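Trainee: One letter stands for each residue in the lines below.
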Amino acid sequence: MIPELGAGALMVALGLAVYGSAAAGIGGRTGRAALVESAQHAALAVFALVTACLLLLAWAFLSFDFSVRYVATNTNLGTPFYYRLTAVWGALEGSIVLWAWMLSVYTLIVVLRHRNARELYPWVLSVMLGVLAFFLLVMTVPAPVFQRLTPIPADGRGLNPLLEDSGMITHPVALYLGFTGFAVPFAFAIAALVTGRVGDAWITTTRRWTITAWYFLSLGLLIGGWWSYHVLGWGGYWAWDPVENAAFMPWLTGTAFLHSVMIQERRRMLRLWNLALVIMTFALTLFGTFLTRSGIIASVHAFTQGSIGVFFLSFLAVVLVLAFGLLAWRWEALGAQGELDSVVSRESAFLLNNVLLVAATFTVFFGTVFPLLSEAMRGVKISVGAPFFNQVNVPLFLGLIFLMGVGPLIAWRRASLENLRRNFLWPVVIGIAAAAVFRLLGVRSTLAVLTLALTVFVAGTITVDLVRATRARLRIGERLPAALGGLLLRHNRRYGGFAVHLGILIVAIGVTGSQAWSVHTETTLRRGEHTDLAGYRVRFDGLAASEESNHFKVTGTFTVANGRADTTVLRPAKKFYPQEQSPIAYVDYRLGLREDVYVVLGDFARDGSQATVRLQVNRLVSWIWIGGVVLTLGTALALAPERRRTGAAQELPA
Amino acid sequence: MTRGMRWLVPLSVLPIVALLAYGFRTDPRDIPSPLVGRTASPFALTAFDGSSLTLSGLHGKVVVLNFWASWCNPACYDEAPVLERAWRTYRERGVVVVGVDMQDTAEAAQAFIQRFGLTFANAPDPQGKMAVEYGVYGVPETFFVARDGTIRAKHVGALTDAVIRAKLEPLL
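Residue numbers (our numbering), protein chains in the order written: chain A, 1 to 654; chain B, 1001 to 1172.
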């Protein structure tokens, strides 16, 4: 029953989305409000139908309905309740359902919030429903999620065991919220181009959308890193895998967009550029999906499936040609009204930030498609690996960190020497001093010293700004907590931005530290034997076997002592799933601010007398996750309703 | 930018799309090897069953040389039955399948062979020397050696019946 209901709902939703998109477009063109209204109803119906599909699919999973092929391939009778829910989006077809559902939620929010964006609204609705129609088409033709399976098997195959992890509920959800979120600014940009209202309205309206989408994308990337770190068992969090790159590229252009809109808001420059950036960001989210689903590039993540790649590529081509075509059509209207007055100014700092981010996007794109390029050109398939990405991107990222310090404080238009001295003297001094101190402390890697010194410099600029603004408030008689709190709330955009920068800095410290100072060893131990690494002594105490609901598990017990009194017992395991034939590693670790002890169980003797173990001491990795928390707080602050115009301190100079 | 030039902006996406479309025609696992067209380097191995196995001893036969390991999941597990099937289908037509087990323990390898009921010759590569000589990146990788001893094709990743047929038929 469920397959028929679901497939039926999908067909109706597809029809309505196509109709709604057309009706909204025609309504926008002819000014017939009734048509737009009708499209609006279609959007609500699509939301209801896609929600129904998602619930039906979830129900099929919960009730082990193996008559649905997708359910039978991704779950079995042993799959625990929790993972039966996450299995809904655990593979290709279901992930598209989740995607479409989020898009329909966003469309609903657009209807509820932006109905009054008069000229733009019909077109925004039309674009949103158009994109939604595409995803519904994918769900109907190349990836039919409700396809029937006959004969109905007694048990299913089971979920990919790597996906049996709590990260799997949050990682895809956050990532897709980010990906789909960029559809809204994109829809506004297209609406602006179609209607010729290419002024600043669409940018102001979409600021929150952009920040939200950007935030979820950041979160998705960070949780992805966390999943890789604690599930995959190779001790890393980022590998420049094509699919990671695919999520990273829209993050880069999205970051560029977040910054360049500030120039447009303030100086009426970069109109064309902002439109191009938002189109690129949206296109890159599609490209990311295309890359994961088409299997054209070998990757650990790829779910390869027949014709779906062709669908995505065609849609990508249509989106790019139409969007850039509109851009070309409106070319005259997009000229800058402001001008760049000086190279030493906030505008140029932001501009440089954009150049670096786009350059980074380009190198990542280039590196990702390089195997294709080299094969097309020379008939040789060559992959570029992490060394390429690191070598090219590290200088760009260092430049970005530096600009993170300069951009928010340097004066608009033209910075005077006095402005520079006032803002940057102390941070530069502290940064240089920090470099010297790190050197003296024995940090040998120049790259690490440079990164840490830059980080200190940026933190210094944030402190200088905060101290100065707080002092101004203290001078008019406010108390310290009130002054600080008022500052954060009243200038929440600015200080939210600073907090996000701080989060990124903390992530940067984590990345630098883990790259520069992590150590590892691999050894075979008999029971009772120990091995030493970086001040830790790890003893192998034995093995235990246990039968779990859907797998068999062999757990090793290792006692970790660090020379002082404090000892920890770590229990890495190997899980044997019947459907997988070879074991899945289950990592155990002790996280710390300074370092993580990370143990992976390798081969072992059946009688438990010996085991091979990979032992890693990973430095500062926790900072990456802490950075994510700070970033979250910063985003929340930036998104808080603005309070600038209220309160007693209105006379205060900004 | 002049009026005409700006239309190049939307058109500029076409080469990128074309490149990506080209990706559909290629197989990311089909990695060419500089060894294709060269004479396969000789080897002398001792199979798990104790018999000796040399390339010179197989002269005149088409050799499917497969590098595998019991820890290689899931690719080696997927292709083991495929190889066994190929061996049974093609043995009468002068094809020999040789499995070379890399970086593995004898015990785990034996278990693997038993599990899939492999009947073709399998031998460990104890020092990993052979893997180096054949430039093996990872497992599984498979070389197709013609009757005259030259390597005619290489396949990276799990074999399928279709791949084996496509690579073997021309050599028969």
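Any given hint could turn out to be false.
[As the list claims (entries may be wrong)] Derived CB-CB ranges, DEER-like: (1) A:D532 with B:A1018: 20 to 30 Å; (2) B:R1038 with A:V310: 51 to 61 Å; (3) B:D1049 with A:T567: 46 to 56 Å; (4) B:L1008 with A:R422: 17 to 27 Å; (5) B:L1008 with A:V310: 54 to 64 Å; (6) A:R29 with B:L1019: 44 to 54 Å; (7) A:R526 with B:G1094: 47 to 57 Å; (8) B:R1165 with A:R537: 51 to 61 Å; (9) B:G1117 with A:G442: 51 to 61 Å; (10) B:G1060 with A:R537: 25 to 35 Å; (11) A:R526 with B:D1049: 24 to 34 Å; (12) A:L593 with B:L1019: 24 to 34 Å; (13) B:L1008 with A:R414: 42 to 52 Å.
[What the hints assert, rightly or not] Per the computed footprint, the stretches of chain A lying under chain B, defined by three or more beta-carbons under 8 Å from a beta-carbon of chain B, are: (14) 7 to 18; (15) 72 to 81.
[Stated by the list, open to error] Residues from chain B that keep clear of chain A, each with C-beta distances beyond 10 Å, as calculated: (16) E1084; (17) R1085; (18) A1108; (19) R1147; (20) G1149.
The set of hints was computed from the structure by calculation and includes no laboratory data.
The model shown is predicted, which means the values in this text are computed figures rather than measured ones.
Quick reminder that beta carbons are idealized off the backbone N, C-alpha and C, glycines included.
Trainee: Would you mind marking each hint as holding or not holding in the structure?
Mentor: Now the hints, each set against the structure:
Between D532 of chain A and A1018 of chain B the CB atoms are about 56 Å apart, so this pair departs from the stated range of 20 to 30 Å. Range check, R1038 of chain B to V310 of chain A: Cβ separation about 37 Å, and the 51 to 61 Å hint is violated. Checked against the hint of 46 to 56 Å, the pair D1049 of chain B and T567 of chain A passes, with Cβ atoms roughly 48 Å apart. Judged by the Cβ atoms, the range 17 to 27 Å given for L1008 of chain B and R422 of chain A is violated: they are separated by roughly 46 Å.
A C-beta distance of roughly 26 Å is found between L1008 of chain B and V310 of chain A, which places it outside the suggested range of 54 to 64 Å. The given range of 44 to 54 Å is broken by R29 of chain A and L1019 of chain B, whose C-beta atoms sit roughly 35 Å from each other. The hinted window of 47 to 57 Å between R526 of chain A and G1094 of chain B holds, with their beta carbons roughly 49 Å apart. A C-beta distance of roughly 56 Å is found between R1165 of chain B and R537 of chain A, which places it inside the suggested range of 51 to 61 Å.
Take G1117 of chain B and G442 of chain A: their Cβ atoms lie about 59 Å apart, and the range 51 to 61 Å holds. Distance hint check for G1060 of chain B and R537 of chain A: the Cβ-Cβ separation is about 59 Å, which falls outside the suggested range of 25 to 35 Å. For the pair R526 of chain A and D1049 of chain B, the beta carbons lie near 31 Å from each other, so the given range of 24 to 34 Å is met. Checked against the given bound of 24 to 34 Å, the beta carbons of L593 of chain A and L1019 of chain B, roughly 45 Å apart, lie outside it.
The hinted range of 42 to 52 Å is not satisfied by L1008 of chain B and R414 of chain A, whose Cβ atoms lie roughly 35 Å apart. Here's how the stretch 7 to 18 of chain A fares: 0 of its residues keep a CB closer than 8 Å to some CB of chain B, so the rule of at least three is not met and the hint is violated. A count of 0 residues in the stretch 72 to 81 of chain A with a Cβ less than 8 Å from any Cβ of chain B is obtained; the coverage claim is therefore unmet, three being the minimum. Consistency note on E1084 of chain B: stated as away from chain A, and its beta-carbon is indeed over 10 Å from all of that chain's, at 15 Å minimum.
Against chain A, the non-interface label of R1085 of chain B holds: every CB pair exceeds 10 Å, the least being about 18 Å. Residue placement check: A1108 of chain B does not keep its beta carbon more than 10 Å from all beta carbons of chain A (closest about 8 Å). Remark: the non-interface label on R1147 of chain B is consistent with the geometry, its nearest Cβ contact in chain A lying 27 Å away (cut-off 10 Å). For G1149 of chain B, the non-interface assignment is confirmed: its Cβ lies about 25 Å from the closest Cβ of chain A, beyond the 10 Å cut-off.
When the structure is compared with the earlier hints, violations turn up for hints 1, 2, 4, 5, 6, 10, 12, 13, 14, 15 and 18 and for no others.
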